[in-house]
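There are 2 protein chains.
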Amino acid sequence: MDIEAYMDTVGRNARAASRRIAAASTEAKNAALRAIAGHLRARQPALLDANAADLAQARADALEAALIDRLTLTAAGVESMAQGLEQIAALPDPVGEISDMKRRPSGIQVGKMRVPLGVIGIIYEARPNVTADAAALCLKSGNAAILRGGKEAIHSNQAIAACVRDGLRDAGLPDTAVQVIETTDRAAVGQLVSRPEYVDVIVPRGGKGLIERISREARVPVIKHLDGNCHVYVHAAADPAKALAIVENAKTQRYGTCNTAESLLIDAAVADAQLPAIGRALAAHGVELRGCERSVAILRDAGIDPAHLHAAQESDWAEEFLAPIIAVKVVADLDAAIAHINTYSSGHTESIVSENHSAAMRFLREVDSASVMINASTRFADGFEYGLGAEIGISTDKIHARGPVGLEGLTSQKWIVFGEGQIRR
Amino acid sequence: MDIEAYMDTVGRNARAASRRIAAASTEAKNAALRAIAGHLRARQPALLDANAADLAQARADALEAALIDRLTLTAAGVESMAQGLEQIAALPDPVGEISDMKRRPSGIQVGKMRVPLGVIGIIYEARPNVTADAAALCLKSGNAAILRGGKEAIHSNQAIAACVRDGLRDAGLPDTAVQVIETTDRAAVGQLVSRPEYVDVIVPRGGKGLIERISREARVPVIKHLDGNCHVYVHAAADPAKALAIVENAKTQRYGTCNTAESLLIDAAVADAQLPAIGRALAAHGVELRGCERSVAILRDAGIDPAHLHAAQESDWAEEFLAPIIAVKVVADLDAAIAHINTYSSGHTESIVSENHSAAMRFLREVDSASVMINASTRFADGFEYGLGAEIGISTDKIHARGPVGLEGLTSQKWIVFGEGQIRR
Numbered sequence: 027m028d029i030e031a032y033m034d035t036v037g038r039n040a041r042a043a044s045r046r047i048a049a050a051s052t053e054a055k056n057a058a059l060r061a062i063a064g065h066l067r068a069r070q071p072a073l074l075d076a077n078a079a080d081l082a083q084a085r086a087d088a089l090e091a092a093l094i095d096r097l098t099l100t101a102a103g104v105e106s107m108a109q110g111l112e113q114i115a116a117l118p119d120p121v122g123e124i125s126d127m128k129r130r131p132s133g134i135q136v137g138k139m140r141v142p143l144g145v146i147g148i149i150y151e152a153r154p155n156v157t158a159d160a161a162a163l164c165l166k167s168g169n170a171a172i173l174r175g176g177k178e179a180i181h182s183n184q185a186i187a188a189c190v191r192d193g194l195r196d197a198g199l200p201d202t203a204v205q206v207i208e209t210t211d212r213a214a215v216g217q218l219v220s221r222p223e224y225v226d227v228i229v230p231r232g233g234k235g236l237i238e239r240i241s242r243e244a245r246v247p248v249i250k251h252l253d254g255n256c257h258v259y260v261h262a263a264a265d266p267a268k269a270l271a272i273v274e275n276a277k278t279q280r281y282g283t284c285n286t287a288e289s290l291l292i293d294a295a296v297a298d299a300q301l302p303a304i305g306r307a308l309a310a311h312g313v314e315l316r317g318c319e320r321s322v323a324i325l326r327d328a329g330i331d332p333a334h335l336h337a338a339q340e341s342d343w344a345e346e347f348l349a350p351i352i353a354v355k356v357v358a359d360l361d362a363a364i365a366h367i368n369t370y371s372s373g374h375t376e377s378i379v380s381e382n383h384s385a386a387m388r389f390l391r392e393v394d395s396a397s398v399m400i401n402a403s404t405r406f407a408d409g410f411e412y413g414l415g416a417e418i419g420i421s422t423d424k425i426h427a428r429g430p431v432g433l434e435g436l437t438s439q440k441w442i443v444f445g446e447g448q449i450r451r
Numbered sequence: 027m028d029i030e031a032y033m034d035t036v037g038r039n040a041r042a043a044s045r046r047i048a049a050a051s052t053e054a055k056n057a058a059l060r061a062i063a064g065h066l067r068a069r070q071p072a073l074l075d076a077n078a079a080d081l082a083q084a085r086a087d088a089l090e091a092a093l094i095d096r097l098t099l100t101a102a103g104v105e106s107m108a109q110g111l112e113q114i115a116a117l118p119d120p121v122g123e124i125s126d127m128k129r130r131p132s133g134i135q136v137g138k139m140r141v142p143l144g145v146i147g148i149i150y151e152a153r154p155n156v157t158a159d160a161a162a163l164c165l166k167s168g169n170a171a172i173l174r175g176g177k178e179a180i181h182s183n184q185a186i187a188a189c190v191r192d193g194l195r196d197a198g199l200p201d202t203a204v205q206v207i208e209t210t211d212r213a214a215v216g217q218l219v220s221r222p223e224y225v226d227v228i229v230p231r232g233g234k235g236l237i238e239r240i241s242r243e244a245r246v247p248v249i250k251h252l253d254g255n256c257h258v259y260v261h262a263a264a265d266p267a268k269a270l271a272i273v274e275n276a277k278t279q280r281y282g283t284c285n286t287a288e289s290l291l292i293d294a295a296v297a298d299a300q301l302p303a304i305g306r307a308l309a310a311h312g313v314e315l316r317g318c319e320r321s322v323a324i325l326r327d328a329g330i331d332p333a334h335l336h337a338a339q340e341s342d343w344a345e346e347f348l349a350p351i352i353a354v355k356v357v358a359d360l361d362a363a364i365a366h367i368n369t370y371s372s373g374h375t376e377s378i379v380s381e382n383h384s385a386a387m388r389f390l391r392e393v394d395s396a397s398v399m400i401n402a403s404t405r406f407a408d409g410f411e412y413g414l415g416a417e418i419g420i421s422t423d424k425i426h427a428r429g430p431v432g433l434e435g436l437t438s439q440k441w442i443v444f445g446e447g448q449i450r451r
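Chains as they are written, first to last, in this note's numbering: chain A, 27 to 451; chain B, 27 to 451.
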């Protein structure tokens, strides 16, 4: 297979389809989403057969259990994909929204219109449900999509792709609006990320290794979701009950998510009073505490099992553990907390626990992360909790989309001008 | 000089200064801008001496007249830089603006806060006034800046840089918030565009060659301003007087600007009726008409001097002439006009002339350019006319800032959450 010629065709198809999908009515886009959901449900047995083929190959290749778990599609998983499509159909259409119109001294009216980005390339790993989710988000936001899933999921993805194509056709939309790359050749990714004439933005979904590799190679803008080294800072004026509940929830509600807290900063003024209870609560969940000198001393005196208590290494301050481990540091004050976060954080989500308005507002302003919270668990940082309805990822970039990326993050705003014949003097 | 070590120091300084400038009060930033303006005025003779050194070198190197013109600083130019700084001081501060707050079912309040991007790298060519303008826009938007001007302007830029540093110090702000690179070594540019740990976004200001080179090398996001191949489309329902005035203004008011019209599309239904007058008006300005077969026939019959009338080549449809030349094409209808523009345009600015609401609104929605206008001259597409107060450029990118980029384009929005102790269930 000539990968360059193949990707050229895919790219040209996508660019042409993007014009039609950008101009499609909300009704047509929603009809397509519902039709795709219908096809997924109707072809559930075929989808599970395709997935079984992928799983058999994965086991033959002795892939690790976690990957096989992500790859596995069940009847419930198919139903959940279908419901996801219907939920996206129910969201408001962002395309065409006009805002900020102002009359200028020249007499023209200037404002903005929200429009699709054009063609979005999505590169992901083993999860087949991403094929349906990503297709739906791109379609609803008026974009054409080129999807490239992991080679482990090729049969599952092609089966889902057939449902997407048929649903698009049912609604009278071009079936090239969503194309799933049919080859597992790595060269296809190289083409996808380096052809700005065909692709307007790349969204990589997967591990840090994938995202760093894509970012290095890309000649097209990338919306990145790197790691989530999230902090909770218990300020001197923290309500102890809120601090305890928030730290416990942010660390232990789920260990493997990017909005899980990985570092706890506690103000020197309240470390003796509040750290023991927090430490005991975390230890009761089996969380390992990696502390600075002072926090280790406090936690040891508080009776934390030495098996769960260790001295932190410098690298622990920057680590996304994705595990029952938390780094703990006593900081001198608000300035030290902000400086520590702005040095070590990955820029995902940070929360201050404080009853002091000025301190909390300074933290809000000065911490340079995608989400900054006052008196709330970092676990709230996602598209559903923020009201976006669905998300394609959580961006740790600073330009364009930052934080949870929903339909709006897949659009842009162009300037529009209403004139009545005005010319420039 | 060890360029890597030097750029490392510059980068580290900028990152540290960016924290302080991001947290600086509006008063301090405005005081710095006014102080810089004061230093520019007070040191006018020294600035002109430094510029004279650059000009002497440029003449010795036999640089072209247009470049020497851009390089030249006059007493009026210094005053205009100072006034530009004062105008930026008078603009509203975008930093810290909170918007879109919503209460979510969990009880948290979620919204957005406008924040600086961090460190902005600006790469430009011979114009020394860019040093002051870019410094001022970055400073007001709470960003640190690393400026790299053309080697031809090194003495002028260093003299302006000294005024900027002194003004920052006068206002109690770190003088490393704006650093002008002191070496003319090209390797410094390579470093600047490839260190995301130090630089958040690159804004190249200059010719297409510079911007393409930077974009190719960059490992940091780039806000690009490529060419402006702008179109005016005279629709079947155009008011002939408006069409004539808009085409004439869009093409002839200034030839060298990126928002000048380079292509005229005229609907087949009105080409015979309206093209002769338009062609004669353009020819009266000495504009060369490069037409499709039908438009050449109409224009010839209208008595246009054959010296000003030629058959268009395929390449003319994509060309930014920046000269008294316009490409002219008769198109079958609105669909053909939109398709032509979306194929050949550089995505800068397009205008439809039409009294038909539905046609005009379709053009507005479906043309994929940074600015789309109805019944107005493309010459309005700039930051001042749009009410941004000042601009750092006009972006032809689709992500982040699109069209004229003012203070807002140099900022980002982070998510903020106000809680009262909420945890995720």
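These are computed hints drawn from the structure, not numbers from a lab.
Just so you know, not all the hints are guaranteed correct.
Put simply, identical chains are the same to the list, so a pair is met inside one copy or across any two.
Calculated pairs, SDA-like style, for lysine to any residue (alpha carbon to alpha carbon, straight line, at most 20 Å) [to be verified]:
1) K138 / A101
2) K268 / Q135
3) K138 / R391
4) K234 / P222
5) K177 / N155
6) K138 / P120
7) K268 / R38
8) K128 / E53
9) K250 / G329
10) K138 / D126
11) K138 / G413
12) K128 / M387
Exercise. Compare the structure with the hints numbered earlier in the document and write down the numbers of the violated ones, lowest to highest.
Key: Of the numbered hints, 1, 7, 8, 9 do not hold.
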